[in-house]
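Quick note, the sequences are listed as chains Z and C, same order.
First residue of the first sequence? That's 911 in this note's numbering, and the numbers climb one at a time after it.
First residue of the second sequence? That's 62 in this note's numbering, and the numbers climb one at a time after it.
If you are wondering where the hints come from, they were derived from the structure by calculation, not from laboratory data.
Keep in mind that a hint or two might mislead.
As the list claims (entries may be wrong) - No more than 30 Å apart at the CA atoms, straight line, and that leaves these computed lysine-lysine pairs for DSS-like:
1. C/LYS203 - C/LYS245
2. C/LYS203 - Z/LYS957
3. C/LYS133 - Z/LYS957
Remember, predicted model here, so these are calculated numbers, not experimental data.
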Amino acid sequence: MTRNLFLAILSMDSYNRGYGEGVDGLNFQANITKLGNATLLTDSVLKIGTEALAAGFYAIAYDMTGVAGFVSGERVTA
Amino acid sequence: MARRGVLGLMVGGATALLSGCELIWPSDRLRQKITVEVETPNGLRTGSTVVETEVREGKSWGDASGTTFTLKGEAAAVDLGSGRTLFALLRGAEGTQGDAAGYQTRLLFEALRDVGPSGPAWDVSQMDLMQVRAAAQDAGVKLDLPQRLYPLLVTFADPADPTSVQRVDPANLAASFGPGVTLKRITVAVTNDPVTTGIEKRLGWLGTQRGALLNIPVSDYPPPGTPLPFAASITEGAFSQGGRK
Numbered sequence: 911m912t913r914n915l916f917l918a919i920l921s922m923d924s925y926n927r928g929y930g931e932g933v934d935g936l937n938f939q940a941n942i943t944k945l946g947n948a949t950l951l952t953d954s955v956l957k958i959g960t961e962a963l964a965a966g967f968y969a970i971a972y973d974m975t976g977v978a979g980f981v982s983g984e985r986v987t988a
Numbered sequence: 062m063a064r065r066g067v068l069g070l071m072v073g074g075a076t077a078l079l080s081g082c083e084l085i086w087p088s089d090r091l092r093q094k095i096t097v098e099v100e101t102p103n104g105l106r107t108g109s110t111v112v113e114t115e116v117r118e119g120k121s122w123g124d125a126s127g128t129t130f131t132l133k134g135e136a137a138a139v140d141l142g143s144g145r146t147l148f149a150l151l152r153g154a155e156g157t158q159g160d161a162a163g164y165q166t167r168l169l170f171e172a173l174r175d176v177g178p179s180g181p182a183w184d185v186s187q188m189d190l191m192q193v194r195a196a197a198q199d200a201g202v203k204l205d206l207p208q209r210l211y212p213l214l215v216t217f218a219d220p221a222d223p224t225s226v227q228r229v230d231p232a233n234l235a236a237s238f239g240p241g242v243t244l245k246r247i248t249v250a251v252t253n254d255p256v257t258t259g260i261e262k263r264l265g266w267l268g269t270q271r272g273a274l275l276n277i278p279v280s281d282y283p284p285p286g287t288p289l290p291f292a293a294s295i296t297e298g299a300f301s302q303g304g305r306k
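So here's chain C without its partners, still in its complex pose:
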């Protein structure tokens, strides 16, 4: 057989095999819109973001589950006036929620299980992650998040200085933004809207930031057991993922 014919067969065979992988090990892609609503003395302010997560199940090997999560999207920003902005990051506020991809991928799953059988996707208590995500898409779910599932909230004393990042307490926005500023709610909703982009316009340093916003060499760490500054625990991945070239 001519070389081109052999190569063609090999390429075709590989393509067929990869397509088969999609059938054997399914994946799902879901977009969700996270909206933050803040009451201020000047009225309600909102900010939202659309992120896309993909769960791909694969062959497990030993203790490796074979399941991978990918995330594309950016933090939500709420303009509160006087140059202050509240950011709802891609990662969860609670340390037990894993990294940003894990948190975003599981967000609807956790929120629906929290609501229980009376929720918009009915009883998901016996469903696995992929099943719940599919049910959420079918039902066009929109939910208020309980506080334990809130994203990490931050602001910057100086948006041009990444090391000036400050954690915001969702129960006390007034401490960060002044009297009369309170968090009304944070919602998550299934959507087909395009993934949000453009946060680099607000945070000019984001495009070149790699790693912790405050980089402390390990040789300069305080003794083990001493907390590091907050900015040393936040990375660029909490603000934007999946969009870099």
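Same shape as in the complex, but just chain Z:
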């Protein structure tokens, strides 16, 4: 697993999770749900509400602690 490969996985995860999810039942619990060792911290709906969805905007923030290729506490938004 390389850093770039995991970043690509996060992009697919964000695209298929939450609003307009591409995979059924792929909701998440903030600060709890994990993708490998990465933790889903929050998303744009929790932070700025649902209006951005009308413009097609959606993003998830991940904590990368414990993921190879990332610094402990590093955060990624996808």
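With the hints as your guide, set chain C onto chain Z.
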């Protein structure tokens, strides 16, 4: 050809193309009424809401399905006396049911498949989402929801304070509202009634709320793996969607 004539042709052509899109990639719009019935020491109390969902199928690109769901409507409210209100939110109680638009769009689909071939729309086991929605509309379906398909139920210790939101256990309303208060059932029915509005009159903060009812900066989060307060997981979109200007 005069410029106006060219522009007219272009506009007409674009209109024709967009109309063609409607034929090639269909959409459907469906209204459903969700009714919550609660037994109390003072008798039966009910509250309902009419929401409208639209499914639009489109061109898929790569892993993008091209299908979009939109939702218009608001949470159902049941007045239980003494200033207490039970709200049935737009999103499902179970975390696997997706966001509010996904939950509401699929609700009749999931409920009919749960009932099985003896249901009011007959055997829907081989039908896709759009087909089931069409069958439900044709049959004028009304169903009791199984608990696994219940909307998320909440109440407020103080309706003027969004951070006071509390989750309500459908199997134990008495814990939230006192002895003798029990959930009788939650139903979903196809309807042509207008979409319900007016929840801002109950929750005055709703019109300006954006995001989680309790906004905790990420820098203040507890360590990953520690649950956040319930109010940090509920947004304004769980109470109302599609109605803002």
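Now for the hints, and whether the structure bears them out:
1. For the suggested pair C/LYS203 and C/LYS245, the alpha carbons sit about 16 Å apart, so the restraint of at most 30 Å is met.
2. A hinted pair counts as satisfied when its Cα atoms are at most 30 Å apart, and C/LYS203 with Z/LYS957 does not qualify at roughly 36 Å.
3. At roughly 21 Å between alpha-carbon atoms, C/LYS133 and Z/LYS957 fall within 30 Å of each other, so this suggested pair holds.
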